[in-house]
Amino acid sequence: MFFYHLIDGFFLGGLYVTIAVGLTLVFGVMKMVNLAQGEFLIGAAYLAYTVTTHVNLDPLLSLIIVVPIMFVIGYAVQRVILNPLIKRGQETLLVATFGLALIAETAFALVFGNNTLALNAPYTLTGITIFGDTVRTIYVIAFVAAVLMVVGMYLILTRLRFGKAVRAAAEDPAAAASVGIDVPLVYGVIFGVAAVLSAVGGTLIGLSYGFGPTSGPEWLLRSFVVIVLGGMGSLWGALLGGILIGVIEEVTASIVGAQFRDLIVFAFLVLILIIRPQGLFGKKVSVAK
Amino acid sequence: MRSINKVAWSMLFSTFLALSIAACGAAGGGAASNQPVVIGATLPLTGPLSAVGPILKAAYQAAVDDVNAAGGIEVNGTKAKINLVILDNTSDPNTASSQATTLYLQDNAVALLGPFTPPLTIAVSNVAERLKRPLIATATPVEAWLAGRPSGWHYSWDVFFDENQQTNLVFQTANLTTTNKRVALFTDTEQDGITMGKLWLQKAPQYGYTIVYHAVFPVGTTNFSSQIAAAKAANAQVLISQMIPPDATALWKQMKSLSYNPIVAEGEKGASTSTWPQGLGSVAEGTICTNFWPRSSGYPGTSDLVAKSHKAGFTASAETSGFVAGYSITQVLLDTIVRANSTSPDPLNTAIGQTDKTYTLGPIKFGTNHADSIPAIMVQWQNNTTVQVYPQVSGVTFEAPNKGLA
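The listed protein sequences correspond, in order, to chains A and B. The opening position of the first sequence corresponds to residue 1 in the numbering used here, with each subsequent residue numbered one higher. The opening position of the second sequence corresponds to residue 1001 in the numbering used here, with each subsequent residue numbered one higher.
What the hints contain is simulated information worked out from the structure, not anything from laboratory work. Bear in mind that the values here come from a model prediction, so they are computed numbers and not experimental data. Ideal Cβ placement from N, Cα and C applies to all residues, glycine included. Warning: the hint list may mix true and false statements.
Sample of chain B residues with no beta-carbon within 12 angstroms of chain A, all distances over it, derived [unchecked claim]:
1) A1062
2) T1101
3) D1188
4) A1250
5) Q1354
With a Cα cut of at most 25 angstroms, we get these calculated SDA-like pairs of lysine to any residue [said to hold, decoys possible]:
6) B/K1057 to A/F112
7) B/K1365 to B/N1383
8) B/K1403 to B/G1281
9) B/K1132 to B/P1036
10) B/K1232 to B/Q1172
11) B/K1181 to B/P1036
12) B/K1232 to A/M1
13) B/K1357 to B/R1339
14) B/K1311 to A/L110
15) B/K1198 to A/Q259
16) B/K1079 to B/T1095
17) B/K1403 to B/K1365
18) B/K1057 to B/N1076
19) B/K1203 to B/P1218
20) B/K1232 to A/K31
21) B/K1403 to A/T126
22) A/K31 to A/L273
23) B/K1198 to A/T126
24) B/K1311 to A/I181
25) B/K1232 to A/L273
26) B/K1232 to A/L60
27) B/K1057 to A/L110
28) B/K1232 to A/A121
29) B/K1198 to B/A1230
30) B/K1232 to A/I248
31) B/K1232 to A/Y123
32) B/K1403 to B/P1218
33) B/K1403 to A/T137
Required output: the full structure, derived from the provided sequences and hints.
In structure tokens, the structure reads:
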């Protein structure tokens, strides 16, 4: 039974990776905490819901439409709202993203109502047997998506010319600008890419559970736990952090009861931060490490 | 200079005194002259409990509109219109508590109508007790509400079924089919989850059932894999749950995907509105949950209120009963104001306690514990609507095994 809980937690962790990877990417490159991350996730879920309702597409296939829209939203938010505020410091950006979160929450309620919605697909109601344990198919899909997202971003950041520009802008924006890198453009594109990654995470949340206008903060908190544990700004850290949180949650719930789940997860987080304040994978704050 | 100061201080004191007297006069929102009588409600119009808030809002407003259309109510020989002030507490007890204070003290509400579910109603009831102003609630199971103030409520009143009936009903309904009588219990850590969890544990042996697994979890839990695995391993053929709609939706989806198919599945609170089949589709089919007010009881005004509920967009029978309850307790409050011929808190509170009349919801008469326990029934989701399955009615069959999870 214990082994089964490990398997369940491992795949659940994949879902947590998909919701956190956008947050860690933004932090790694721009050194800013996006408090509207939860609303990007839920906004993507609403978009997927709208597309599936009107076009009759499978929610995962709806990403073909949702992803470009989310990229444009992310890019526009960074260039129009956040970029002018960068020079005012981290606190201003923090407050700005918090404000964005509140605006988005209200807009979701006005447009979509207050009821809990869910994305429906046949695979959300089926399971796959892995080593004798039945795991929700959607968790397996989420795990595969998580690995693809982390590996894909790692390759983009280390192998592509654009990735090198991103890393340069992340390490030293002034030096990067002096060699001709358009740092605001890089920031805009990265914010757009983070929104795209969140589109995947948000759609998977909508498929796995339900979502409503006020669901964002809950997922923001979980994303934080994942990236703080793994090391803020680290893609591989997000992967490890997500899986660890999934496993701890499942094992905790099975041994001491689900009512103690958050207590133990946060106690573990505090313990790790005491032993290794930079998180498991964080050396310095930087991407692709 | 000294005398100027004295005059200034006297004027300041007089002004303060005058303002205080004015404020005292305003408190309680009297119906003096033709001022409207203010009543208020803080409702979960957004957040995880928002499936029910709009039903109560529509019901309270409909009752007030009907009275206003008839010219208002007569208090102290003067006709006064009713002004209903509704605030959205976002399903948060702290917000509900703060808004209740605002409604009583700033909006001068003479009384409040209740929100929904014990965590919110207890929070608002505590404000009513602190400020000594009346509150009438519904959609709040009685035992959990009473547990919110062991010393007893004095200004708060509740009209709803009690958990004793509610917990009996699931076993009585399960007895309509054949199971191994092994029960998996899923309860959250809110007051009604705690109260009902204890009652189910206590009552199962009386009906020959065994609770073989009990999952306790905080509200907002999304992943139930390990709990479902444990319920499955315990071979529980009866599932009883008490959880808010989003959590219940997540549990049902996960039970389906992990192939856990209990013969009887109860979704208390979670399955009580039409958001249940909307969120789950065919998986919702066969879920049972407690409800009240069988339409067949035929109390006065039934067809009119059903039509009003449908017009407001609440067509499922589980929603219509909520609408009728909300409308009826508003009538109780407005009748009380007329009977007391006063909007002052104490006469009003005393008059509420003397209520003894049949409304569309049924006969309403409060006990010494300030609650009126109305009869509960068990309903089942069949073909996207709820039908009464216990007590049994002609033409309706209890469907088992549960179709949605099979």
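Hints, one by one, checked against the model:
1. A1062: Fine: 20 angstroms to the nearest Cβ keeps B/A1062 off the interface.
2. T1101: 23 angstroms, holds
3. D1188: Violated, since 9 angstroms does not exceed 12 angstroms.
4. A1250: 5 angstroms, violated
5. Q1354: Fine: 38 angstroms to the nearest Cβ keeps B/Q1354 off the interface.
6. B/K1057 to A/F112: 19 angstroms, holds
7. B/K1365 to B/N1383: 36 angstroms, violated
8. B/K1403 to B/G1281: 12 angstroms, holds
9. B/K1132 to B/P1036: 21 angstroms, holds
10. B/K1232 to B/Q1172: Holds, because 23 angstroms separates the two Cα atoms, which is no more than 25 angstroms.
11. B/K1181 to B/P1036: The given pair, whose Cα atoms are some 57 angstroms apart, is violated under the 25 angstroms limit.
12. B/K1232 to A/M1: 12 angstroms, holds
13. B/K1357 to B/R1339: 12 angstroms, holds
14. B/K1311 to A/L110: 21 angstroms, holds
15. B/K1198 to A/Q259: Distance ~16 angstroms between B/K1198 and A/Q259 Cα, so the pair holds.
16. B/K1079 to B/T1095: Given that 25 angstroms is the threshold and the Cα spacing comes to 34 angstroms, the pair is violated.
17. B/K1403 to B/K1365: This hinted pair is violated, its Cα atoms lying about 40 angstroms apart.
18. B/K1057 to B/N1076: Judged against 25 angstroms, a Cα distance of about 28 angstroms means the pair is violated.
19. B/K1203 to B/P1218: Holds, at roughly 23 angstroms.
20. B/K1232 to A/K31: Roughly 46 angstroms separates the two Cα atoms, so the pair is violated.
21. B/K1403 to A/T126: It holds: about 16 angstroms lies between the C-alpha atoms, which stays within 25 angstroms.
22. A/K31 to A/L273: 19 angstroms, holds
23. B/K1198 to A/T126: The given pair, whose Cα atoms are some 33 angstroms apart, is violated under the 25 angstroms limit.
24. B/K1311 to A/I181: 61 angstroms, violated
25. B/K1232 to A/L273: Since the Cα atoms of B/K1232 and A/L273 sit roughly 37 angstroms apart, the hinted pair is violated (cutoff 25 angstroms).
26. B/K1232 to A/L60: Outside the cut-off at roughly 30 angstroms; violated.
27. B/K1057 to A/L110: Roughly 17 angstroms between the alpha carbons, so the hint for B/K1057 and A/L110 holds.
28. B/K1232 to A/A121: 24 angstroms, holds
29. B/K1198 to B/A1230: 20 angstroms, holds
30. B/K1232 to A/I248: 21 angstroms, holds
31. B/K1232 to A/Y123: 21 angstroms, holds
32. B/K1403 to B/P1218: At roughly 28 angstroms apart (the allowed maximum being 25 angstroms), B/P1218 and B/K1403 break the hint.
33. B/K1403 to A/T137: The given pair, whose Cα atoms are some 21 angstroms apart, holds under the 25 angstroms limit.
Checked against the numbered hints given earlier, the structure breaks hints 3, 4, 7, 11, 16, 17, 18, 20, 23, 24, 25, 26, 32 and satisfies all the rest.
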